[in-house]
Amino acid sequence: MKTFFKSVFLVGLISVLVIGCKGKKDMKPPVAEKIKKDLTIHGDTRVDNYYWLNDRDDEKVLTYLKDENAYTDAMMEHTEKLQKNLFDEIVGRIKQDDESVPYKLNGFFYYTRYEEGKEYPLYCRKNGSLEAAEEIMLNVNEMAKDFAYYAVGGSTVSPNNKLVAFGVDTLSRRKYDIYFKDLTTGKVYDEVIENTTGSAVWANDNKTIFYVRKDHTLRPYKIFKHVLGTDPAKDVEVYHESDETFNIGVGKTKSEKYIIIASESTVSSEYHVLDADKPNSEFKVFQKRERGLEYSISHYGNSFYIVTNMDARNFRLMKTPVNKTSKKNWKEVIKHRENVLLENIEIFKKYLVVQERKDGLRQIRIINWKSEKEYYMEFRDPAYSAFVSYNPDFNTDLLRYGYSSLVVPYTLYDYDMNTKEQTLLKQTEVVGGYDKENYVSERIYVKARDGVSVPVSIVYKKGTKKDGKNPLLLYAYGSYGYSMEAYFSSARLSLLDRGFVYAIAHIRGGQEMGRHWYEDGKLLKKKNTFTDFIDCGKELVKLNYTSPEKLCAMGGSAGGLLMGAVINMQPDLFKAVIAAVPFVDVVTTMLDDSIPLTTGEYDEWGNPNVKEYYDYMLSYSPYDQVKKQNYPSMLVTTGLHDSQVQYWEPAKWIAKLRDYKTDNNLLMLRTNMETGHGGASGRFKRYEETAMEYAFFLDQVGLAK
Numbered sequence: 022m023k024t025f026f027k028s029v030f031l032v033g034l035i036s037v038l039v040i041g042c043k044g045k046k047d048m049k050p051p052v053a054e055k056i057k058k059d060l061t062i063h064g065d066t067r068v069d070n071y072y073w074l075n076d077r078d079d080e081k082v083l084t085y086l087k088d089e090n091a092y093t094d095a096m097m098e099h100t101e102k103l104q105k106n107l108f109d110e111i112v113g114r115i116k117q118d119d120e121s122v123p124y125k126l127n128g129f130f131y132y133t134r135y136e137e138g139k140e141y142p143l144y145c146r147k148n149g150s151l152e153a154a155e156e157i158m159l160n161v162n163e164m165a166k167d168f169a170y171y172a173v174g175g176s177t178v179s180p181n182n183k184l185v186a187f188g189v190d191t192l193s194r195r196k197y198d199i200y201f202k203d204l205t206t207g208k209v210y211d212e213v214i215e216n217t218t219g220s221a222v223w224a225n226d227n228k229t230i231f232y233v234r235k236d237h238t239l240r241p242y243k244i245f246k247h248v249l250g251t252d253p254a255k256d257v258e259v260y261h262e263s264d265e266t267f268n269i270g271v272g273k274t275k276s277e278k279y280i281i282i283a284s285e286s287t288v289s290s291e292y293h294v295l296d297a298d299k300p301n302s303e304f305k306v307f308q309k310r311e312r313g314l315e316y317s318i319s320h321y322g323n324s325f326y327i328v329t330n331m332d333a334r335n336f337r338l339m340k341t342p343v344n345k346t347s348k349k350n351w352k353e354v355i356k357h358r359e360n361v362l363l364e365n366i367e368i369f370k371k372y373l374v375v376q377e378r379k380d381g382l383r384q385i386r387i388i389n390w391k392s393e394k395e396y397y398m399e400f401r402d403p404a405y406s407a408f409v410s411y412n413p414d415f416n417t418d419l420l421r422y423g424y425s426s427l428v429v430p431y432t433l434y435d436y437d438m439n440t441k442e443q444t445l446l447k448q449t450e451v452v453g454g455y456d457k458e459n460y461v462s463e464r465i466y467v468k469a470r471d472g473v474s475v476p477v478s479i480v481y482k483k484g485t486k487k488d489g490k491n492p493l494l495l496y497a498y499g500s501y502g503y504s505m506e507a508y509f510s511s512a513r514l515s516l517l518d519r520g521f522v523y524a525i526a527h528i529r530g531g532q533e534m535g536r537h538w539y540e541d542g543k544l545l546k547k548k549n550t551f552t553d554f555i556d557c558g559k560e561l562v563k564l565n566y567t568s569p570e571k572l573c574a575m576g577g578s579a580g581g582l583l584m585g586a587v588i589n590m591q592p593d594l595f596k597a598v599i600a601a602v603p604f605v606d607v608v609t610t611m612l613d614d615s616i617p618l619t620t621g622e623y624d625e626w627g628n629p630n631v632k633e634y635y636d637y638m639l640s641y642s643p644y645d646q647v648k649k650q651n652y653p654s655m656l657v658t659t660g661l662h663d664s665q666v667q668y669w670e671p672a673k674w675i676a677k678l679r680d681y682k683t684d685n686n687l688l689m690l691r692t693n694m695e696t697g698h699g700g701a702s703g704r705f706k707r708y709e710e711t712a713m714e715y716a717f718f719l720d721q722v723g724l725a726k
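If you want my numbering, it's the 1-based position in the sequence shown plus 21.
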């Protein structure tokens, strides 16, 4: 979660030199010096001996991180051949010269494609027909050639099809600079807009754009208006979100009629709208924010449609005239249901498409506007992911949707809502051949300690015996109401083919089973997330899918917090654990409002400035709850430039674990010195880390050979 500030308490560290020691499995790990730092609030004092590590500009800190990397390299050296084999396998399954399915927008067909051996995409289009000549708008391989990290975000073409605005991040801090390119001449404009979210929204005059800037904590907080050809320093501020618990964004309705500002916190929403034909007029509030009121809006014809939780925990659909947008004018279209979460809608001229979630699985519901007849699309896998894709055209009966499962690669369809016939547009190719019949997908329900049933999605190779001898990787997230989908991964085949069972625990804190599932896994109920995961692991052992000697676990970011909490609570349940970019120093981070995401997440974790929340968060914070006990073997990963979870959280955690743990199990920290929260930017390079992670698990369960 969080960002950099200097510590005046930094006085140095003791680090073990590893030069010449690479490859010695008995070498000693680096030791971070203890420098006492008292942190006092609510009359309680915590001692943080590694607080000084949060200075990424200090050479001693960088040396320590590099020494940790060297130690990890040494401990993993005997798996280098395996890592290479895994990397070659994973990359070998990826179609090198791949291309996305084109979509039609404003007379052009847009798509991205990759060239063989290249890391980055080409953004392309064709005018009027797929038989027309290809126009390469952006060749990211050329753009990225001088950078270790390069990400393009928010590529948007002007309404007259002549200009493209695009964001570029070269540090992996999710701070994008916006550039403009004339698609007729190929010229990139001199004007550059710095420190943005990367997205630009065009007004209908083809010269005015709206964009979002970030503050010092990387919170999106101001929206500006820029006119092409003018100095960005003179851009006009059109909106300032002064409430630090809110983030903002700007977009455009599917109808192209309105530009919309969305201002959202964990528990509240507020939208402002502007006629896209009148960029110099004023934004008008749609419905004033109220604590606990969440909503999102879509425009069609003379109405706005509103997905809202107003008197509806699982959300319902409302409708209101475009000139009467306050909630007193909202009329119900789809009522609230206790057992169905209404996630989103897609509007067409003849049909309304509703994306819902029931029993942990996503449903797609089709409703005819005129006849009001409706039906649900059918999906047959026991665990799957189905979703409405990009559908920019109102005037079509074809719904474009995506589908994947634990055994079915990502597949894109056009679905005729009249006839219920569907056309396969593309299924991601697994190079070298793949037969889903060689794998088994299951879905079970685990009774947690308080009686609730937690879904678990499982996949393994056909013929695997449930005799307790299989290695199993249990994965989960469990925060922010983010639902974990049961999706296909060609990389995962490298584990399944070597005998691993893979399982996803759909624990509380996500939203798989409805809004209550999220609410029962946040704030003062956060520990349900951790106990759910532990109970799922125990049940998988009980059902003979695996044993504690072969049970592995993995989670990232808030899922890394999950890993840290469960190994403090039940360390003997797991053989090996990977915590990726883990949010583990919960209390200290949430007390520092200069760090990215802190203020906006008080409604997720709690505000530790309030003693009730401080006490509860302290009781599970992985860094604060490290004990003198045995821990599983662990690999922890981070990025030096991480804007979401600052590198020092896992660095401090590793240092404290080394000091406290009573076992001889492996404990490693890998810091990518060039990237941030999302890892490497290239489509192949990112799998180097995946190969290392898989090699770690395989080595720990005795399958490295």
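No lab work stands behind these hints: they were computed from the structure.
Be aware that one or more of the hints could be misleading.
With beta-carbon atoms standing in for the labels, derived distance ranges [what the hints assert, rightly or not]:
1) 391 <-> 456: 41 to 49 Å
2) 155 <-> 639: 56 to 64 Å
3) 456 <-> 105: 21 to 29 Å
4) 183 <-> 694: 39 to 47 Å
5) 113 <-> 59: 48 to 56 Å
6) 113 <-> 87: 39 to 47 Å
Just so it is clear, CB atoms sit at the ideal spot from N, CA and C, and this is done for glycine as well.
Now for the hints, and whether the structure bears them out:
Between residue 391 and residue 456, the C-beta spacing of about 44 Å keeps the proposed range 41 to 49 Å intact. Range check, residue 155 to residue 639: Cβ separation about 58 Å, and the 56 to 64 Å hint holds. At about 26 Å, the CB distance of residue 456 to residue 105 agrees with the hint of 21 to 29 Å. Between residue 183 and residue 694 the C-beta distance comes to about 41 Å, which sits within the given range of 39 to 47 Å.
Here the CB-CB span from residue 113 to residue 59 is close to 54 Å, well matched to the stated 48 to 56 Å. Distance hint check for residue 113 and residue 87: the Cβ-Cβ separation is about 31 Å, which falls outside the suggested range of 39 to 47 Å.
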